[in-house]
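Residue numbers (the numbering used here), protein chains in the order written: chain A, 1 to 250; chain B, 1001 to 1250; chain C, 2001 to 2497; chain D, 3001 to 3497.
FYI, nobody ran anything at the bench for these hints, they're computed from the structure. The C-beta atom is built at its ideal place from N, Cα and C for all residues, glycine as well. Some clues are possibly wrong.
Some residues of chain C that are not near chain B, with every Cβ distance over 12 Å (derived) [claimed, not checked]: (1) ARG2125; (2) ARG2196; (3) PHE2366.
Pulled from the structure, derived: some chain A residues nowhere near chain B, Cβ distances all over 10 Å [as the list claims (entries may be wrong)]: (4) THR84; (5) SER100; (6) GLN111; (7) ARG136; (8) GLU161; (9) THR190; (10) ASN233.
Stretch by stretch, here's where chain C covers chain B in the computed footprint (C-beta under 8 Å, at least three residues) [what the hints assert, rightly or not]: (11) 1008–1016; (12) 1098–1112; (13) 1205–1213.
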Amino acid sequence: MSGVLSIANLRLRRGEREILRGVNADVRAGELVALMGLSGGGKTTVLRCVAALETFEDGVIDVGGVVLRPGPAPSRNTIRELRTRVGMVFQLHYLFEHLSAMGNVTLAPMQVAHVPRADAERRATELLEALGVAHRRNALPRELSGGEAQRVAIARAMAMEPPLLLMDEPTASLDPARRGELGETLLQLTTTGRTLVVTTHDDDFARDFATRVIILAEGEVVEEGNPREVLTNPQHAATKRLLQSARSEK
Amino acid sequence: MSGVLSIANLRLRRGEREILRGVNADVRAGELVALMGLSGGGKTTVLRCVAALETFEDGVIDVGGVVLRPGPAPSRNTIRELRTRVGMVFQLHYLFEHLSAMGNVTLAPMQVAHVPRADAERRATELLEALGVAHRRNALPRELSGGEAQRVAIARAMAMEPPLLLMDEPTASLDPARRGELGETLLQLTTTGRTLVVTTHDDDFARDFATRVIILAEGEVVEEGNPREVLTNPQHAATKRLLQSARSEK
Amino acid sequence: MNLIRRPASLVLALLFATVARAQTPILHWGGDAEGGAPFVEADPNDPSNLRGFDVEVAGEIAKGLGRRPEFVQVSFSDIDQSVQRGDFDIGMSGVEDTPARRKMLAATIPYFEFHEVLTVRAEDRGKFAALAALRGRRVGTLGGTIAYEKLLAAQKTDGVICVSYDDDVHPYADLRAGRLDAVLLDNIIAARSMRRVPGLYTEPRPVATSHYIGVLATNNTALRDRVDEVLRARMRDGTLERIYRKWKIWDDYQPAFFASVLNAEKAVQQREKRTAEGGATQDLGIVLRYIPALLRASLITIVLSCAAMALAVLVGVFIASGRVYGSAPVRAILTMYVEVVRGTPVLLQLFVLYYGLSSVIRLPAFLAALLGLGLNYAAYESEIYRGALEAVPRGQLEAARTLGLTESQVLRLVRGPQAFRIALAPMTNDFVALLKDSSLVSVITVIELTKQTSIFAANIGSWVIPGILCAALYLVLSLPLSRLAGRLEMRWKAATE
Amino acid sequence: MNLIRRPASLVLALLFATVARAQTPILHWGGDAEGGAPFVEADPNDPSNLRGFDVEVAGEIAKGLGRRPEFVQVSFSDIDQSVQRGDFDIGMSGVEDTPARRKMLAATIPYFEFHEVLTVRAEDRGKFAALAALRGRRVGTLGGTIAYEKLLAAQKTDGVICVSYDDDVHPYADLRAGRLDAVLLDNIIAARSMRRVPGLYTEPRPVATSHYIGVLATNNTALRDRVDEVLRARMRDGTLERIYRKWKIWDDYQPAFFASVLNAEKAVQQREKRTAEGGATQDLGIVLRYIPALLRASLITIVLSCAAMALAVLVGVFIASGRVYGSAPVRAILTMYVEVVRGTPVLLQLFVLYYGLSSVIRLPAFLAALLGLGLNYAAYESEIYRGALEAVPRGQLEAARTLGLTESQVLRLVRGPQAFRIALAPMTNDFVALLKDSSLVSVITVIELTKQTSIFAANIGSWVIPGILCAALYLVLSLPLSRLAGRLEMRWKAATE
Ligand SMILES: Nc1ncnc2c1ncn2[C@@H]1O[C@H](COP(=O)(O)OP(=O)(O)OP(=O)(O)O)[C@@H](O)[C@H]1O
Ligand SMILES: Nc1ncnc2c1ncn2[C@@H]1O[C@H](COP(=O)(O)OP(=O)(O)OP(=O)(O)O)[C@@H](O)[C@H]1O
Ligand SMILES: [Mg+2]
Ligand SMILES: [Mg+2]
């Protein structure tokens, strides 16, 4: 089986609160999985666990052969392996404040993949163009609008072309048109065998572009399946509650 | 005329770029105006001008009698007057990092309005409950999820009960259910005579809750009117482009 | 060997003499000709000649060893190091017999006995016959002498105030001027000083007894033993007595002393062995005697530092706020203050405050030190705070402003608390630096930890133990500070990262 | 008036004498009895008596004024201040006639002429007959004298190296020891020293001529004029000649000097007027003469500071990285280094490095200073960097890590550049502080700006001008630094806020 990511029984506590209570999920190559759920449900936390930015109490995460286990931070080698397979886009962008948009996107290709500067910049320009922010390539992060910053952050992660890309709310600050463009771009990637796990609050986006949707509620996966089915005809109470209002007046 | 906010011919440059090219808008008391437009179109900039966080090159902004003009920062008195009339919710939250959620919400009521601590905390709890984050009241900003932080920031601005409240993308990190709840809460406010200007990328939200929609494109207002009409049957090319993709596959 | 240049006619004669003298091996002996009579001095009638009882004793030793004496000038305080380094064979010009010296060097038997005596103003004659009578009074002496050790002990037991000097002239001048009530030094220096300074009186009863010795390099015990032989022989045959009588330093104590040296030949050797073994404990004794003085000095250091830091933080916060929020002229003035005060040495500022301003206002030393350090550090603190204030994310300030907080509220409630966390590490740095800069105030006569240490070091003739002790004390003062800062930082990091 | 306590039998007699003497008004005259013969010294035969030619001149003046002389002991360097303060009426024990003094005080006519002469080692006799022959050689003198002024001038014109001392004994000792090649001082001191130190020779040709004067408080010109009258009368009637002959200081220059004083009575008065008017320009002259020495010292200060700061930054970055990224034991060791080095005074560290370690390794003074300052400041720098590193938002580090950057790349490319901006203000502080702490290295014989200033101040007898000059120089050194830092900060602020 071509499992790119498998999460088994993931549990995580922060102080008193049990944030993840046994999350199970499998993602195959070429999928575009939408991770949905109520705000505070643990979506970001799941992605951070997969990227080894959080330690967890129980469960196993397998990223195409690289295995993360509970307890202290994984070994340096595991981390190095993992970084070549997983990329991440953060909810709050976390752009490098001292570098321009172009600098942000080319840093890793030049320093990690040792791509010559000219090549890295050409590739970065392509990405920024695809996302519609190429005209702001020389701006510093503080000079970007919310949506522009978000797209630069997406370009930064895509530039490394990781087999598995985790994206935390990439659509949050995008207008409907840009959201559509992003969806198309992501679908394009899946056709080349890359895999995407995207958290989103936008059910239209999930419906239009996701190949599968996973609903997270109170730290557990409560429902998953074809996005059109799940989102149009939710089975679980939590999913119903999640979609309730948005559909109420349509 | 009960004009709460009137923007006339607002122009603003940043370096080479002309970001606002003569924005005109009038908002009456009790309205809930949705400010929409492509990412990077200048929505945030308009709100910042109204809150006197930016100086501008040309035009006049009148906030219920307090007049902002081009040129250097307005006088201290003007600013003090303005602050009692305008509140703001920021796109990146900007919560006070050293204070808990509760501390963030009660700071201004206690320090500016001199409300006793007990009253301020009671009111804050009500607000946080209405927004569904009361259970996180003792968490520090870094311990909040994206949507939780956004709701705390909304509560913080609402606690001062400003006659005019500017909200920059308040729905960005909210799940559909929470988005609906927020819409209801905001509509509730308008019934008490308060006025809201909300930027958003969510056309559903605008359709469901806004009393009027203003479309900003390339630093100009290109279309405005009843949200259902404008968004269902856009006249201007920019509006069509904005909604294009989101509607493409529905 | 230096050939003294004279007109040509003399060269040949000299050459001959030089060659003739070169046949005899030389005993290089070191001393300080500035010590003056009766130890070693240039002959007033023939300046190229030396005279003094030490010169004659050295001559006798050389003769006894079958060598020709040659004098090497060395400053008194360097005699020990120089002989150890091999600059000369034996050092002897009023070298006192101390345990420290015996431990560090090979020492001859004592060849002269002297007495520490109290000198007072003539009008105080009989009033301070013993140290015990000097409770609460200032008594001067020469640092690094047995008299100094004695006085330090008396400081504890009898409550006298010990004032140490670097030379043997100023104590007597200060005594005459009323700045001291007595001077404790050996009877020979006392007698000489009585001749220089009028109106003094030396109490006849000795406070303590000690001896002069010769010192040789540690590994030179063979020569030492031969020197001892010679000295004993010259004691026996009356040569030393003749010399001492000539220099008018023979007194009633010497016969008994000679007898004890000659009889206790064995005992002395045993004593030396004991000394070598008991060295560690003796060192400890010296160290322990200094600890109270060091602790007192530490107290001054810490009180001064805390007060100055409080002043610096207070003024620093005002300057930083002024520089961030003030109007253009206010900013310019404050920037100038910071640049000037920061840009000029605190040492100089202290001098100017204390001496320079003394014609306008005569500040007490401690106050001048406090003001000098405090105002100086205020300039540094202000820069740190300014930097930290500007590092707080602007978004939070805008959020605070849109909530209606005034600028001063924003500073107090949002910006200040977060800036403080960033400023903590450099502030701790500065407090620790201040603790140590407080050592500068010794230039304006405040005696604090470093000054006390250098006195200590000068007196035991080594920087090792005092240095370690002083470092330890500063550490003890600074560590709680670092700990506190570390804990605060930890808490904030946990809270806001 | 002090009543000397004697056995009761004497009291009555003394009382009578005291009362009788009290009828005559007193002339208090100040001098330093430590100056010794032939100026003022205690009579070796009767220590309560003073003798010396100044004593006799003072006696003649008192007699001429119809008063009884009474001596007030004061340290030589305090004579000017003391007389101004009113501690005594006239100061005179080898007080040199300088423009500074004439400006500050009321000065009598000169009463004795002396000459600055060069003393050399006997074997160098004739080799250095004039200052010009001493190019590149070290010449010692007493600070604050005309000879020192002379030497400073020669430093510029003839390239001699001027070494100043605080007393008149060490220069001759150092000359004998080969550390100097000549000493320039007045012929009287030179003659006295020749008697003390063997093997010296004084060149007969004087380098410069000066005079001794009496000084009175500025407002005391009436008494001064009467003293001048008396002095002139005693010159005329041969009394002064008799005194000088008795003290063996009469020489062939004096008759011509006396004649010029008596003839030029008017001229002298005119000169005084001119001096008072030309004071400012003369001051400027003195100041200008010091500027080269101060600039040289500044150069040492700046080279030392830059090198030490470079070392500090380098070591500091390593320590900070180690403390943030290192393993537990590495962190513990580095923390200890920081606490210990930061927690103990740099003065002490310099002492230990230079003197304490001298038995193990004998570091050159400059290297010891560089190492001491550099390693000390490294501890401070490391704390600043650590704080700054930890202030960089964690989100950016996580973003960098998920991009596959190694920890050291994260440090170099993301964390470091942003931390540097936060660290800039405290770093500038430290550089400026280091610039000034470099003044501490004077304790290990490196002469830098502050030391040179204190020499300057001691010599012109005031801290005001040297203080301002020194402050200005430090400012000139530190300002470009602050400017640079300010500009960098500005650029980053514009770029990243
Ligand atoms: N350091 C922490 N300490 C305590 N609780 C935390 C911490 N970090 C996150 N949490 C809590 O864990 C829960 C899950 O957070 P997470 O960010 O994963 O939510 P999310 O599903 O991404 O929500 P959103 O849609 O709002 O981004 C939230 O309730 C959050 O408050
Ligand atoms: N300091 C600045 N310097 C230069 N350009 C700026 C600066 N701040 C904002 N801009 C540009 O101004 C334009 C409008 O920005 P604004 O933040 O108002 O857009 P927006 O409509 O809020 O977009 P979004 O939906 O992405 O938040 C953007 O293109 C942005 O890059
Ligand atoms: Mg999230
Ligand atoms: Mg925006």
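Hint check:
1. ARG2125: Consistent with the label, C:ARG2125 stays out of reach of chain B, its closest Cβ about 74 Å off (over 12 Å).
2. ARG2196: Given a closest Cβ separation of 71 Å, the condition holds.
3. PHE2366: holds (39 Å)
4. THR84: holds (27 Å)
5. SER100: holds (14 Å)
6. GLN111: holds (27 Å)
7. ARG136: violated (8 Å)
8. GLU161: holds (24 Å)
9. THR190: Label holds. Min Cβ-Cβ 17 Å, cutoff 10 Å.
10. ASN233: holds (15 Å)
11. 1008–1016: Our answer is that it is violated, as 0 residues pass the Cβ test (under 8 Å) against chain C, missing three.
12. 1098–1112: Since 5 is at least three, the answer is holds.
13. 1205–1213: violated (count 0)
The structure does not agree with the numbered hints 7, 11, 13 stated previously, though it agrees with the rest.
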